[in-house]
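In terms of our numbering, the sequence shown opens at residue 3 and continues consecutively.
Since the hints were made in silico from the structure, they are not lab data.
Being a predicted model, the structure only gives us computed values, none of them experimental.
We put the beta carbon where it would ideally sit given N, CA and C, even for glycine.
It is possible that some hints are incorrect.
Have a look at the derived ranges for each label pair, beta carbon to beta carbon [unchecked claim]:
1) V127 with R297: 19 to 29 angstroms
2) A338 with V255: 22 to 32 angstroms
3) D32 with Q202: 15 to 25 angstroms
4) E208 with S237: 21 to 31 angstroms
5) K427 with K395: 54 to 64 angstroms
6) E208 with V88: 40 to 50 angstroms
7) L33 with W319: 35 to 45 angstroms
8) P262 with F8: 23 to 33 angstroms
9) L355 with R73: 48 to 58 angstroms
10) P262 with R5: 46 to 56 angstroms
11) V175 with K316: 13 to 23 angstroms
12) H130 with V88: 26 to 36 angstroms
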Amino acid sequence: MKRIPFLSKSKFVAGVQCLKRLYWQVYQPDLAAETDDQAQFIMDQGKAVGVEAQKAFPGGVLVEADHQHPREALEETAQLMTNPQVPAVFEAALQHDSVLVRVDILERQPRNRWRLVEVKSSTQVKDHYLYDVAIQRHVASGAGLKIASARLMHLNSDYIYDGNHYDLSKLFVIEDLTAEIGSIAGEVVERLAAQRQMLQQDEPPEVEVGRQCTDPFTCEFYDQCHEPVSAGHISELPRLTERKLEALQVLGVEMIRDIPESFELSATQQRVYDCALSGRPWFGPELRDALSTIRYPCYFMDFETFYPALPRHKGMWPYSHIPFQWSVHVREKPDAQLHHHEFLAEDETEPRLRFLETLLEVLGTSGSIVVYNRSFEAERLKDLSGWLPRYAKRIAGVQARLWDLLPVVRANVYHPEFRGSFSIKSTLPALVPEMTYEGMEVAEGGEAGRAWETLVHGQLGPDAKTRLRAALLAYCRQDTEAMVRVYDALEQAASHGKRTRGARG
């Protein structure tokens, strides 16, 4: 019989999501995808939130032994718990039932009782958090502690930072989950037993792929269960519901071209089907009219932002966006030469005012401002209007001029190389194959935010800072130039009357 290793709260929660995920975490962790920059950033954000949460418990003491030294952590925790002068223990190590957990905050209560507090960097209680807290309660109680209550401490989305210091009583919300986790106490015991039984096996369990592969987290072993799909796979159908997906799977259909003519498709899905059969792009008859609504001078605009869990500047809230960069390509009239303008905050100085003033100077007061997915820029402008109310009228003028290229593409264009996506990263290489984001040091919005954080707060030498600055400028410029090139490709298609005929009906 296999010797089952100790479980942790993270492994238990992984097993709740998928038993195969737990098996691989325990026995074949090398199969996992490498932790990417985004995942590392999320973990770093969580640590920063945890440090602030500890400040809400004055006098609390941190267990110094890390996760690699469980025996020392258990001993240190026990010593702190026996000291009545310690009001709270941070990262307390507890063990029971072959499970070792680290409790974010273990707060001393009267009559030798304890309050268990789990800290999350989210702004709400999520369903899967219950298992996280419940396994800690199970271990703590089994270890002999009298748990007065089990709570979850998370960020308050309504908190507004005054720019001086965090009001911890308002920055965080503490919710009592004692009743909720009590209702699943029996389930926790059953799941632990099932996990241990599964870990006795020589092979990972058979688990069908499904929603658990990405919910509540994308599994780090996702690629082990999912082979890359070929172009034209049914997964490329936009907004494919589970009901339709299951119906196609029952029919044994894997490729879009094999969908029966009688199968119900939406208008957009129908276009995807038609293009899969023809192998040619589709341009709708109303494309020319849609493009004709643009007004010159025309400004192709893109923003980059960074949204930390903890608000950085006055008036901000958890996860509010710090606008740090913009790019604008200007075309004064059709077929005129492009002029490029850009802004990048390069130091720790609060960037919002500089961002806005430089942008307004370039945008003028007339002409269409082209964006790709209007909601993002519109929301950032709304934020700026609230933070800098003296500019509200001018910002409202900018918002009224926004011209969204995304719905024009979605309603009037489809190319087989879109592969079901209408993002600029998909439409650009299909419509303008000579232009790509591949090989760029910064090639995605999330990467841009993390790169900017490194640029202004990282310990970089002059050469590295120069290189990163250039990469950020190149990426944002690429975004606005990409819109120009996509727009030009659509204009050319409309002027030639390009269109494909539907293949069904």
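Each hint, compared with the structure:
1. V127 with R297: 19 to 29 angstroms: At roughly 47 angstroms between Cβ atoms, R297 and V127 fall outside 19 to 29 angstroms, so the hint is violated.
2. A338 with V255: 22 to 32 angstroms: For V255 against A338, whose Cβ atoms are near 49 angstroms apart, the range 22 to 32 angstroms is violated.
3. D32 with Q202: 15 to 25 angstroms: For Q202 against D32, whose Cβ atoms are near 21 angstroms apart, the range 15 to 25 angstroms holds.
4. E208 with S237: 21 to 31 angstroms: Check passed, 22 angstroms falls within 21 to 31 angstroms.
5. K427 with K395: 54 to 64 angstroms: 35 angstroms, violated
6. E208 with V88: 40 to 50 angstroms: 48 angstroms, holds
7. L33 with W319: 35 to 45 angstroms: 39 angstroms, holds
8. P262 with F8: 23 to 33 angstroms: 53 angstroms, violated
9. L355 with R73: 48 to 58 angstroms: 54 angstroms, holds
10. P262 with R5: 46 to 56 angstroms: This hint holds: roughly 53 angstroms between Cβ atoms.
11. V175 with K316: 13 to 23 angstroms: Roughly 21 angstroms apart at Cβ, these two residues keep to the hinted range, so it holds.
12. H130 with V88: 26 to 36 angstroms: 31 angstroms, holds
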